[in-house]
Amino acid sequence: MDNLQDILKQQIIDALNLEEIEISDIENDAPLFGEGLGLDSIDALELIVLLERNYGIKIKDPAVGKEIFKSVNVLADYVSKNRTK
Amino acid sequence: MSEKIVITGSGIVSAIGNNRQQCLENLKNGFSGISEVRYLPTVHHEFPVGEVKLSNSQMCDLLGIGHSQVYSRTTLMGIMAVKEALAQAGASDTQNYMTLISGTTVGGMDVSEQLFSQGMSQDDCSNCIATHTCGASTNAIAAYFGDTFNSTITPSTACSSALNAIILGSDLIKAGLAQMVVAGGSESLTLFHLNGFKSLMILDTEPCKPFDEHRKGLNLGEGAAFVVLESETHAISRNAHILANISGYGNACDAFHQTASSPNGEGAFLAMSKALSEAHITTQDIDYINAHGTGTPNNDQSESAAIHRLFDDKVPPVSSTKSFTGHTTSASGSIETVISLLAMQEQFLPVNLGWSTPMKDGGIIPITESRKASLSNVMCNSFGFGGNDSSLILSKYTK
Amino acid sequence: MTSNKVYIKSVAHISAQQPLSDEWLSSPVVLQGDFVQACEPVYKDYISPMAARRMTPILKRAIVTAKAVLNDTDVDAIITGTGLGSAACSEKLINAMIEEGEAFSMPTQFMQSTHNTIGSLVAIDRKCHAYNATYSQDGISAECALLDAFVQIRLGKINNALVGIHDELPKSWLEVMKRSKIIGNLMQVPASETSISMLLDNNLVGSKCEIAGIEVAFNTSFDKMLSSFMSHYGLPQVDALMMGKNGWEDNDKVYDELLDKLSCVPALHYKHISGESCAASAFGVYASALCLEHGIVPATLQCDNINCDVPVKNILLANASGNNKSLILLRSCD
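Those sequence lines, one after another, are chains G, L and W.
Taking the numbering used here, the leading residue of the first sequence gets 67, the next gets one more, and so forth.
Taking the numbering used here, the leading residue of the second sequence gets 30, the next gets one more, and so forth.
Taking the numbering used here, the leading residue of the third sequence gets 17, the next gets one more, and so forth.
Please note: incorrect hints may appear among the correct ones.
[As the list claims (entries may be wrong)] Below, simulated SDA-like cross-link-like pairs (lysine to any residue); rule was C-alpha separation at most 20 Å, straight line:
1) W:K187 x L:M149
2) L:K203 x W:I63
3) L:K245 x L:P387
4) G:K132 x L:F76
5) W:K187 x L:P387
6) L:K303 x L:H263
7) W:K143 x L:S291
8) G:K132 x L:T386
9) L:K303 x W:M71
10) W:K143 x L:K343
11) G:K132 x L:H263
12) G:K132 x L:Q330
13) W:K194 x L:K303
14) W:K240 x L:F221
15) L:K203 x W:G229
16) G:K126 x G:V115
17) G:K124 x W:A119
18) G:K124 x L:T234
19) W:K187 x L:F221
20) L:K203 x L:H263
21) L:K343 x L:P387
22) G:K126 x L:F76
23) W:K194 x W:N175
24) G:K132 x L:F221
25) W:K187 x W:D92
[Stated by the list, open to error] Footprint (simulated), chain L over chain W, 3 or more residues, beta carbon under 8 Å:
26) 116 to 128
27) 136 to 144
28) 191 to 197
29) 224 to 237
30) 259 to 273
Note that these hints are calculated values from the structure, not bench results.
Beta carbons: idealized from backbone N, C-alpha and C, even for Gly.
Could you build the full structure based on these sequences and the hints that come with them?
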């Protein structure tokens with residue numbers, strides 16, 4: 067597990083307690099919300115907490131979250147550009 | 030047809046006043062009570078709040094309570110509002126047959142967060158047990174009044190708690206299981222829920238703008254309000270002055286999401302519909318809606334959709350008075366019921382502060398200029414997390 | 017006014033006893049120690065992992081006991097009683113606040129810390145848009161929830177209701193109760209956790225018993241409550257008295273006046289089987305309903321030697337919790 071995508075997937079699984087889902091079940095381009103993994107607005111808030119804790123990224127507007135949580139690829143791209151730790 | 034349930038007293042404590050008269054004046058004059066935090070010991074001064082402008086010890090002094098006893102702020106505000114309601118109803122000396130129904134969620138959390146942070150000695154533990162729970166905070170309100178209350182009940186449906194208290198009180202009277210009920214709710218600001226709402230990212234850093242396109246979230250508030258309920262016969266038999274009657278109410282569940290409201294406002298729509306049908310009136314008879322209108326993007330969109338579904342293009346004047354008081358969470362249902370009652374008695378429409386731009390998706394256009402109006406039927410909405418949605422209709426009392 | 021009658025149709029529990037089973041009637045688990053956790057079923061059999069991802073045990077217990085009593089039945093109301101609500105979530109928030117100050121962000125824990133999370137989650141699970149309310153009145157939260165359902169069925173506003181009573185005991189609250197000596201010293205039964213769901217209905221068919229009356233009170237003696245009870249429901253016939261005694265002298269002595277008044281009927285108890293919690297009195301209702309359904313009182317519930325008339329037809333339940341008290345009269349259906 068060396069690429070950021072896979073690290074993020076594991077962190078998402080742990081943070082959201084997605085017991086029966088494995089890294090290989092999440093496609094890099096598949097939507098995380100709605101029809102993809104089926105996450106909701108509270109999960110989005112938990113992901114915002116995750117980004118701050120693990121990468122020092124502060125998101126103040128939940129609408130920004132919506133954009134960057136589109137897929138693991140979009141998220142990984144955002145994290146690599148904005149991380150402070 | 031069952032007997033009319035009437036209101037014979039009301040009391041209120043909120044950011045815009047410590048009693049009915051102060052609240053009324055500020056409502057009429059358009060003075061909001063939302064400002065920088067002053068009493069809650071929080072670091073978050075970036076979020077404006079609707080605090081009651083009294084410290085706990087000032088409230089104790091006003092109520093003649095010794096400072097050695099531990100009281101939660103929820104209880105103190107509750108006592109003030111119940112006291113005012115009982116006095117107006119001429120029921121201050123009533124003994125041993127009234128029911129107190131007080132909605133709350135936070136209860137004595139303000140005391141608990143203090144005690145936990147100082148490490149909990151044995152005394153702390155006893156104090157915590159005596160104040161922490163929702164039930165304990167209602168019991169402490171009742172205990173202040175000696176033998177007045179012989180039963181206490183605490184509804185806890187988050188932000189609709191106080192409205193559900195009024196609904197249960199009315200049903201208990203209808204069923205002949207209570208003669209007089211003091212119903213409403215009380216909730217103080219706490220670090221617990223200020224930081225909790227911050228976690229949900231729905232707090233505005235500016236004064237809230239209910240129903241505005243650029244609304245960013247809610248301002249938390251605090252306060253308490255109660256009404257005295259009894260049957261018409263009971264009120265007449267003791268020569269009480271009747272302020273209004275409760276003509277209908279509805280409680281429904283959105284059953285959509287734990288915090289979000291459904292886009293079509295199903296729960297709100299069902300609650301309002303039930304209230305109308307119980308009151309045997311139509312949408313045309315409603316002269317004013319005191320909306321839940323928190324100022325969050327989600328609530329105001331969902332509530333607008335529900336109101337439009339029910340009222341079609343004939344929406345009566347609507348405003349959210351949370352722009353004055355902040356969102357007083359569990360107390361909001363009764364605070365806004367008392368505000369609606371005052372509007373009805375004084376014949377005016379309370380405005381919706383902070384509004385300037387209509388919502389793009391056809392939301393409610395609230396009233397922004399106060400004006401005189403003859404109000405016969407007023408609808409008051411109160412919605413809670415988890416989709417606990419309730420709606421109440423107050424009507425001008427006629428024999 | 018003619019009122020509809022109110023019946024208890026089905027009951028399911030997750031408690032210190034074997035979950036979702038009436039086995040305790042014949043072979044109860046003997047509770048030991050200061051605190052006994054609820055005995056959990058295998059939740060995966062009932063709730064999908066995705067739906068369960070945020071659920072604390074109390075929420076799972078509520079969903080599963082509701083499923084067990086309702087199956088496919090639609091209800092006109094979901095009414096919940098809970099003394100402490102989702103206490104485990106509140107505890108996590110308070111702990112975070114003590115450790116991190118106001119820097120923490122815990123959306124899930126906060127969202128689930130409100131008492132009404134339990135009832136609204138059951139509604140979401142069942143896609144039920146009906147009346148939904150929650151009551152939190154310490155040890156008589158169950159009676160308040162039952163009272164709301166009882167009143168609405170009697171008034172004819174609803175035909176049936178799911179009433180759920182749920183309480184958990186997280187570490188910090190257990191610690192508070194221990195330090196104040198209530199748990200581990202004063203109380204003679206262990207603290208525990210209880211989740212009970214009941215289906216109330218206005219239709220007699222297939223019911224366990226009738227709820228003939230409910231009275232809740234504050235700062236009032238049982239003696240006064242009995243007269244108020246009679247003014248509301250008439251003179252009750254009582255064949256057995258089911259008490260919420262927990263072995264703590266201060267709590268238990270308030271039942272003496274009832275015992276004096278009803279000295280010739282057998283006295284029953286249940287908290288040695290359920291343990292004590294804010295939801296324990298719901299276990300008393302459940303136990304009494306089973307007695308009335310079967311017409312007999314098992315020896316394990318009796319606390320004196322007075323013979324119980326068979327079949328037992330009327331059980332008066334009395335419960336005291338601090339300044340609050342309750343009376344419930346349950347009657348057999350025949």
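Cross-check of the supplied hints:
{"no.": "1", "hint": "W:K187 x L:M149", "verdict": "14 Å, holds"}
{"no.": "2", "hint": "L:K203 x W:I63", "verdict": "40 Å, violated"}
{"no.": "3", "hint": "L:K245 x L:P387", "verdict": "14 Å, holds"}
{"no.": "4", "hint": "G:K132 x L:F76", "verdict": "23 Å, violated"}
{"no.": "5", "hint": "W:K187 x L:P387", "verdict": "49 Å, violated"}
{"no.": "6", "hint": "L:K303 x L:H263", "verdict": "26 Å, violated"}
{"no.": "7", "hint": "W:K143 x L:S291", "verdict": "13 Å, holds"}
{"no.": "8", "hint": "G:K132 x L:T386", "verdict": "24 Å, violated"}
{"no.": "9", "hint": "L:K303 x W:M71", "verdict": "32 Å, violated"}
{"no.": "10", "hint": "W:K143 x L:K343", "verdict": "31 Å, violated"}
{"no.": "11", "hint": "G:K132 x L:H263", "verdict": "56 Å, violated"}
{"no.": "12", "hint": "G:K132 x L:Q330", "verdict": "18 Å, holds"}
{"no.": "13", "hint": "W:K194 x L:K303", "verdict": "47 Å, violated"}
{"no.": "14", "hint": "W:K240 x L:F221", "verdict": "40 Å, violated"}
{"no.": "15", "hint": "L:K203 x W:G229", "verdict": "16 Å, holds"}
{"no.": "16", "hint": "G:K126 x G:V115", "verdict": "11 Å, holds"}
{"no.": "17", "hint": "G:K124 x W:A119", "verdict": "12 Å, holds"}
{"no.": "18", "hint": "G:K124 x L:T234", "verdict": "16 Å, holds"}
{"no.": "19", "hint": "W:K187 x L:F221", "verdict": "18 Å, holds"}
{"no.": "20", "hint": "L:K203 x L:H263", "verdict": "12 Å, holds"}
{"no.": "21", "hint": "L:K343 x L:P387", "verdict": "17 Å, holds"}
{"no.": "22", "hint": "G:K126 x L:F76", "verdict": "13 Å, holds"}
{"no.": "23", "hint": "W:K194 x W:N175", "verdict": "43 Å, violated"}
{"no.": "24", "hint": "G:K132 x L:F221", "verdict": "27 Å, violated"}
{"no.": "25", "hint": "W:K187 x W:D92", "verdict": "36 Å, violated"}
{"no.": "26", "hint": "116 to 128", "verdict": "holds (count 9)"}
{"no.": "27", "hint": "136 to 144", "verdict": "holds (count 7)"}
{"no.": "28", "hint": "191 to 197", "verdict": "holds (count 6)"}
{"no.": "29", "hint": "224 to 237", "verdict": "holds (count 5)"}
{"no.": "30", "hint": "259 to 273", "verdict": "violated (count 0)"}
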